[in-house]
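Each chain, letter by letter, is given below.
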Amino acid sequence: MIELTDDICALAKDVPSPGEKFYPVFEPTPELAAEAHGYVTMYPEGREQSAVLPIIHMVQEKFGFISARSIPWIAEMCKSTPIHVAGIVSFYPGIRRKCPGKWHIRVCHTIACAMSGGEDLLKFICGKIGVKPEEMTEAEPMAVSADGLWSIEAVECLAHCGFGPNVMVNDTLYSQVTPEKIDEVLEDYRRRD
Amino acid sequence: MSEITYKPGHEPHPRETRRIFRNIDRVGYTPSIESFLEDGGYEALKKALAMEPAAVIDEVKKSGLRGRGGAGFPTGVKWTFIPRGNTKPVYLVCNCDESEPGTFKDRFIVHQDPHQLIEGMVIACYAVQAHYAIIYMREEFPEAAKIVREALEEAEKNGFVGKNIQGTGYDLKIILHRGAGAYICGEETGLINSIEGVRPYPRIKPPFFPAAIGLYGCPTIVNNVESLCQVRQVLLRGGEAYASEGAQRSPGTRIIGVSGDVKKPGYYEIISGSITYGELLYDLCGGPKEGRKFKAIIPGGASAKVMRCDEVLTGRNPDGSVRKMSIFGVPMDLDSIAAHGSMSGSGGVIVMDDSRSMPEMLRNLNRFFAWESCGQCTPCREGNPWMLKLSTRICEGKASPEDVDLLKSVADNICGRTVCAFGEACSWPVQAFTTKFREEFLALTKPINAFKPHNPESAEARKYMTRED
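In the order they appear, the protein sequences are chains S and H. Residue numbers for the first sequence follow this note's numbering, beginning at 1 and rising by one. Residue numbers for the second sequence follow this note's numbering, beginning at 1001 and rising by one.
Rather than coming from a laboratory, the hints here were simulated on the basis of the structure. Mixed in with the good hints, there may be bad ones.
Stated by the list, open to error - Here's a subset of chain H near chain S, in silico, CB distances under 8 Å, partners left out:
hint, residue
1, P1101
2, R1107
3, E1139
4, P1142
5, E1143
6, A1180
7, G1181
8, I1204
9, F1208
10, A1212
11, G1257
12, P1265
13, G1266
14, G1348
15, E1402
For glycine and all other residues, C-beta sits at the position ideal for the given N, C-alpha and C.
Let's have the full structure, built from the sequences with the hints guiding it.
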């Protein structure tokens, strides 16, 4: 067992986010370890490291993001090292190091969606959820609203180019989105809690 | 096929031939195995299992099927690259990391007809004698991941996947592996590294041809989703019958995804080479939007070279005589468009009309490639942000005419100097845009643009100094 010492946690400090109140804090439990072990056994003998992405996805789904505390645990589960896991986490755009809002919005702004108005839609949604478009930078592509309900991110190609602009809210894709349509969608999510 | 009814607004055009997309947007069709079995599912697999594995490979080779992921490599030939006398396990990976901008065909297969893919995969695995296969799915398809996992369970319950398939003693395990939003994972060696749980940097070829040294150092076959579905069609129709249909050197049907400025964008399944780009855009897609004219076409996903619609191309008539034509006269198969310097790639056609600023389009593509470069090779890692800076500067009217040449020269120096094909993918659009639409780029560098306001405050201050050129 790798201890969750301060120096390991200092490998990468967590960025505070208003979205944290909607997700539980990462805590390694035997149930979680059993689930992770299920992913490890999907791969051939001695190839535990392959399970790093499935385990990261599991942690991200349950806890919203990959916290510094969870990295050594993930490494232990797939018989790897924390620094290796940190390298994986920092590579992929789909893996978050900061907690998203309760509802995470992804707006496509690649060529076909941009041609059908994706860029303006992005600004429109930013205005709706109270986030400044400038908050989305290259280093920190995701911006979280102050109430923690929403987070927004401009993403590259969602592979539905003929029916742009495309927007994903959590796991659901919305196509041919207009400002009026997204208004309704966001209102619908707001009413859910 | 008259008994099939499609959802309103999704009916196929009379010139389409729906094979792979036969059940997409069909009324009453669900992703469940019952729907698939009712439609004659898993018959091709039974046919394949009755044959020797080598005979299945021969059948696919005979069919002339070419991969649908973009490169167009013959699928059957790829399968024979597994070294003779190989004693290591063989793996098969299905590439469902559809991330090329403009391409959106695999999405429909995995969301609406996953068993078709699974059947194709089992046939392919049997042919190359793989006992372990992986579907690599991009992270942006979370619903498809659930659907495919369920489909795999159903298939296993019905004895089409798992131990002793259909009583033949052939075992196969298929798992689903999800990516995490990186374009580079669509490159086959990058994809393999992603499955191995390391950073998905593409590997250098040679020696790392996946069929020889692939996943975990073992022979690995990587095939696109549509290619595997086509394998099923080959078995259903027979290799020779498959080869006799469509363009001679790229037979079968192709799924074309049209996006951008047309009246009816969407997906169309056509017999390869049976229609031209003009017929596709004017007949199937309904032509340009009201009052607009077509200006440019990107014929095969974002990394293909753009074609001007008023460009004069020379083609050959069947009798060998030369004729002049535009892009609209080029047939839609893999080789015809390649002869004119672009590629048909993965079948994503992006159309631009005369309302579009080409430098602006290029800037968007540059941003995509700058964001998605994996950072392994210096020319690509440094060159892409540089190209983005240059094209942004041009779009903002702050560039000099030399910057247009500089932009192209950066692209020229990335192309061919990287480990994987991303170097070509990012530089081809720049080369084509800056050469073919040079006047648009140069127009933006005219000194008059230097007076154009760059922010609202200066717009107010200079409102009497600027004029539209």
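>> To test your reading of the hints: which numbers does this structure violate?
In response: 8, 9, 10 and 15
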